[in-house]
Each structure stands twice: as structure tokens, then as C-alpha cells.
Amino acid sequence: MVRMLEITNLHARLSDGREILRGIDLSVGSSEVHAIMGPNGSGKSTLAAVLAGRDGYEVSEGTVSYLGRDLLAMEPDERAREGLFLAFQYPVEIPGVNNMYFLRTAINALRRHRGEPELDAGQFLRVVRTKLKQLDIGEDLLQRAVNVGFSGGEKKRNEVFQMAMLEPRLAILDETDSGLDIDALKIVARGVNQQRSPQRAIVVITHYQRLLNYVEPDRVHVLQGGRIVQSGDKSLAIELERRGYGEVEAA
Amino acid sequence: MSAIVDFPVKPEARPYLDAFARGDFTRDRREPEWLVGYRKASLARFAELGFPSRRSEAWRYIDLRPLEERPMLPVRGPKRASDRLAVRARLAEIGLAQPTHRLVLVDGRFSREFSALDRLPSGVWLGSTAAAIAERPELLRSRLETPPLDPARPFTSLNSAFFADGFVLDIAPGFAVERPFEILHLASGDTDTSLHTRSVVVAGEGSRAAVIETFSGAGAYWRNDVVEWRLAPGAELARVAVVEEGEEALHFGEMLATLGAASRLSSFVLLLGGRSTRQEATVRSEGERSRCDLGGAFLLSGRQEANILTTVDHAAPGGETCENFKGVAAGRAHGAFQGRITVRPGAQKVDAHQLSRNLVLSSRAAIDSKPELEIYADDVKCSHGAAVGDLDEAALFYLRARGIPNAEARRMLIEAFVQEAVELVEPAPVREHLLSRIGFRVASLEE
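Chains B and R, in that order, give the protein sequences. Throughout the first sequence, residue numbering follows my numbering, covering 6 to 256 in sequence. Throughout the second sequence, residue numbering follows my numbering, covering 239 to 685 in sequence.
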């Protein structure tokens, strides 16, 4: 098993100085699915944002190693081309940019980076159709502008579809389950399960245990106050659902 | 040297008066008396006005000092044969992919060689202004001698005095032409000269047509173009102007349009190239229930400056105006949009909306947006909106988070921003041409 992600004593604060992450240690190996759970404000989304390289956070201490490289030294787009994928909690609407064109640009950026030939429109369309079928997603999403006018469920499905297309080494899903009805949740879960592979690691960030009924994690971590306060196997998620986060804090 | 005027003229106008008196720019032409008289009167008007003042609102965003310091006199006589290969290459680049009716002006004069006018549909007269003076003198005379909408336009007067050629399009009542008429204005490399072109478009009752004009060239020339559009009742005209002038060129373009009852004008201007470019549209809605869609965009970088001005004057009731303009400025460029809508007393039930949205891509670039509504009727719907901002950071991050390099992601967002304004442009081949020229310009915007 390859060490995919190695987070050591990670501290991060907002531009106003508020410290959100206060010493995170986390190690994720390839083939593993980790779930990071925690109450609102615990730092879950900040962790995802810092890993993806979003502006507005300052890492004050600690290191993040991704496939043996210093992740924090890389630009956000370089991280993505190196195989890191973030499924956004709030996918961004981009008027005027066609979803298909966007995805083809992304895939070809990735292929150029790997020294592979770019896909032409026909080749791209064949890949798209295969993936859509696997995920049971309709083609209509592709003809629209990126996320514009999409329902909450459509936006999340679009994220999962992008993940399937980009075939990342490390996928981080930031509350992809939030606000989904049971059918949408199943589509998302199917997408995640199809992505499980010996070469890939998946980190699922979630507030609730219910996604974990469909996606079985190898490890579950509880994030609270910017630290991982407890780790365990999948039974920890069930325990959390029963006891709530307050109990964990007290423990 | 004969004196044209008997009063003291503005110093910056003097070299132009002297050139006119020498007559070298007209040596090759024998013009009818009425036109000679018209030119003299126009020159006198220019002498009286001088250049626009820096304090004049209509010219505050264009730096005229270089032009004041160094006169750029009209091209003398017909130009030497230009480099044909270069002209052909340029036409292939800036022209429509599948041209049908094409009129080419090289250095402000009609070029039969590069034009394609042999398949003109019936009901259409399209030719050079010089040809129209000979073949359609009444049409031209009536248009030129109609008092201008606003008499205080120095460069329009200068244009009247000096125009060498242009195009005239006359569509008979009831005729509809699907394929666009393409007019290409090329400057072939003369420097420190001015090109004055004067054109007229007349659309008969219930006729329909589309015209795309492209301005392009090489060298430090000054283009001063004036086109007059007249729409009879029920006529529908689409006009697209693409300005891709040489890097050092000045471009001042003026469109004067008069709308008859229930006529419809759609205009789109795209300013991409040229050191200083200015496109002004002055539209007078004379007939009831006319409709006017004005759109456009400028994309600027380096030290470019560009100015789009629109004035729509609703003199009749029930008219509609819809304006949508986009501006993008990178580097040290400066762009400005000025839009005025006037609704005259009694012009009730006018519906007029104006939107100007702008992207400023660097800390040294700037865009000004100045809407102006003058409403003298009480039962109207008018609105305007203006925004100036930077690229959407969240959208940029989203694209980058999918592996798209920063520069490419920025280009995608800039292009999407400008494309929105083009969506309604008809017909489709013209729209596609605009999208391709925008894509081409965006590619070098932030280099």
C-alpha cells in the first residue's frame, strides 16, 4: 500500500487570524476510504479547502505530503493534475461555460500533464457516454452551463460525474451527501463505490452517518475544534449516530 | 490657394483646410456641383468647430492630443497597387468563412478586385459611394443634405469634406435578404494619413437584411468612418461592426440611424484592435413602435483605449430600446461606455433598458460606465444598470480545482463573459464569426 496522504500537525487560520485547524494528523493509504465526521464548525470544510488549495487560508504550522511531495507548495490546478480531486460542498455556477467544454478542457489539461495525447470531440464523447451510463446520469446535464440552474442533487451528481471522468488518485468529498434525497444519495454512493480501487484513496467528509450506510469506510475520524479527537473503524460512525458528537467531546 | 472661409480657424483645423484648398485629395474626381458645395460647407463647419474640446463629454475618454500635435491628412488620390497577397491573407483572416456578398475598401476606396458583387439578389443595390454618386445621385444627395441629427460633430463635418469613398446599400421595399452583406475596410500600411469613408444604408418598407462591417489594417493611420442608416416603416436591419485595426491606429466610427414606424434595428459593435477606438451610435426613433437593440463589447490590453457611445432618442410613442454592453480591460487599458436614452414629451409607452457590465483584469486598467436617462414623458418604463468588477474568484478556483491552468481558466471565464452579449446576434454565421474573433482576441489579452 502506498502512502497517499500524510498530514502532520496541520494548523490553518483564516485571513482574519482565527485558527480553524489546530494540529491535524492523518494518514491515508491507497485503496482506503476514510470518513471524517464532525459537527458544524469543527473544521471539516476548512481541511478540504486547504488540501485543494483555496485562497483565504494560511497554513501556520505542519506539513501535508501527497504521494511523497509537498502538497502545500503546489498550485491548486497542479494539485488537480497530480490526481487530487475535491468534490465541492457548494459547486460553483459558471454562466456561459458549457459543462461539456469545461470537462473536456479539464481532461485534456490532465492528459497534457501526463504526456498523453488530447482527446478529440468524438473520443471524449465516447468516454462521457460510458461514464454516464455507469453512474445512471442523464446526458442533459452536459449541454448546460456548468452548474447553472442545476438542482442541489444535480450539482452533486455533476461532481461525482467529474470525479469519474478525471479518475483521481485521491478524492476528497466535502459533504457531498448534504441535502440529498435518498435516490440522489444512492447515485452519489454508487459513484464513490465504483471509484474504490487499489490505486485510489477516498476521503469522505460528512456530518451524518447515513452516507456511510452505502459507502463503507475503512477508517472513521472525528474532527472537533480543529483536531482529530477520535479514530476508529466503521463502528465508530454508528456509535456517533447513536450518541451524538457531545459524548465524544466528553470522552 | 483659395480661401475656404473668411473667419479665423482653429489652429488644429488649419492643415486640413490647406489640404482641401490644394485639392490634391480630389485631383482624380469630377464631382457634381451639389457635392462640391456640400464639401465646402462641411469644411467651413469643421473650421468653425475645430477639434472636440477635452471638456466635451462625448470626447473626454479619447486622447486627441497626438492628433492635435500631428495632423493626419487624407490619403492623396488613388493609392498605389497594394500588396495583393497581404490583402488576400488578411481578408481570409478577418472575413466571414463563407462570404456571399462582399464589398472591400482598401485605404478608403472601393476595390473591385477583392469584392464579390456579382450575385446580388434582386431588389438590392450595393456599390461604392463613388459609384452611387454617379449612378444614384438623388439617393445620396437626399441623405447627405438632410440636416444632421446633431450639427456639432467636428469629425463628421471633416468626413463630409474629405470622404473618398464608402458603400451604399439600398434595399427595395418588401425584399428580404438572408445572407449577410459583408463590408471590409482595409488599411494597407500608410502611416500618418487619414481615411475618411462615408456610407449610406437605406432599407425600404418591410425589407430585411444584415450587414457586417470589419475594419482592419496596418500602420499608424486614422480612420474616420461615418455611416447613415435609414429604416423605412417595418424594415428590419442588423448591423455588426468589428474593429480590428492596427496596433497604432486611431478609429472613430459613427453610425447615425433613423427608425421608421415598427422598424427594427439590431446593432452590435466589437472593439478588439487599435490604439484608440471609438464607436458612436446615434439612433432617432421617429416612427411609433420602433425597436432598437444595441449591443457591443470591447476587449482591451496594453495601452489601448476604447469608447462606446450610444444615444437613443425616442421621439415617438411605443418604442423599445434594449442595450447590453460588455467591457474587458487588461494591462493599462482604458475603456468607457456612455449611453444616453432620451424620451421626448409625448413619447409615451416607451420601454428602454440599458445594461453595461465590465471586467477590469489588472490594477492598472480602468473602465468607466456612464448611463444617462432623460425622460420627459410620464408613462414609460426605463432602467439602467452598470457594474465594474474582477473575475469571479469562486468560479476561477472551481476551474483550477479541476486541473485547468490558471491562465486558461481565466481565458475561459473572460470569453464566457463576453459571449453572453453575442448570443442574440443574427444571423448565425455572423454570430459564429464574432465568437471566433473574440476567442482569438481573448487568447492574447493577458499575455
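Treat the hints loosely; a few may be bogus.
So the derived label-pair ranges between C-beta atoms look like this [claimed, not checked]:
id : chain 1 : residue 1 : chain 2 : residue 2 : range
1  : R       : Ser674    : B       : Glu121    : 21 to 31 Å
2  : B       : Glu121    : R       : Asp630    : 22 to 32 Å
3  : B       : Val132    : R       : Ala681    : 24 to 34 Å
4  : B       : Gly157    : R       : Pro359    : 45 to 55 Å
5  : B       : Glu144    : R       : Leu358    : 41 to 51 Å
6  : B       : Arg116    : R       : Ser600    : 50 to 60 Å
Quick caveat, the hints were computed from the structure, so don't treat them as lab data. The beta carbon of each residue, even a glycine, is placed where N, CA and C say it ideally should be.
- Return the numbers of the hints above that this structure violates; sort them in rising order. 6
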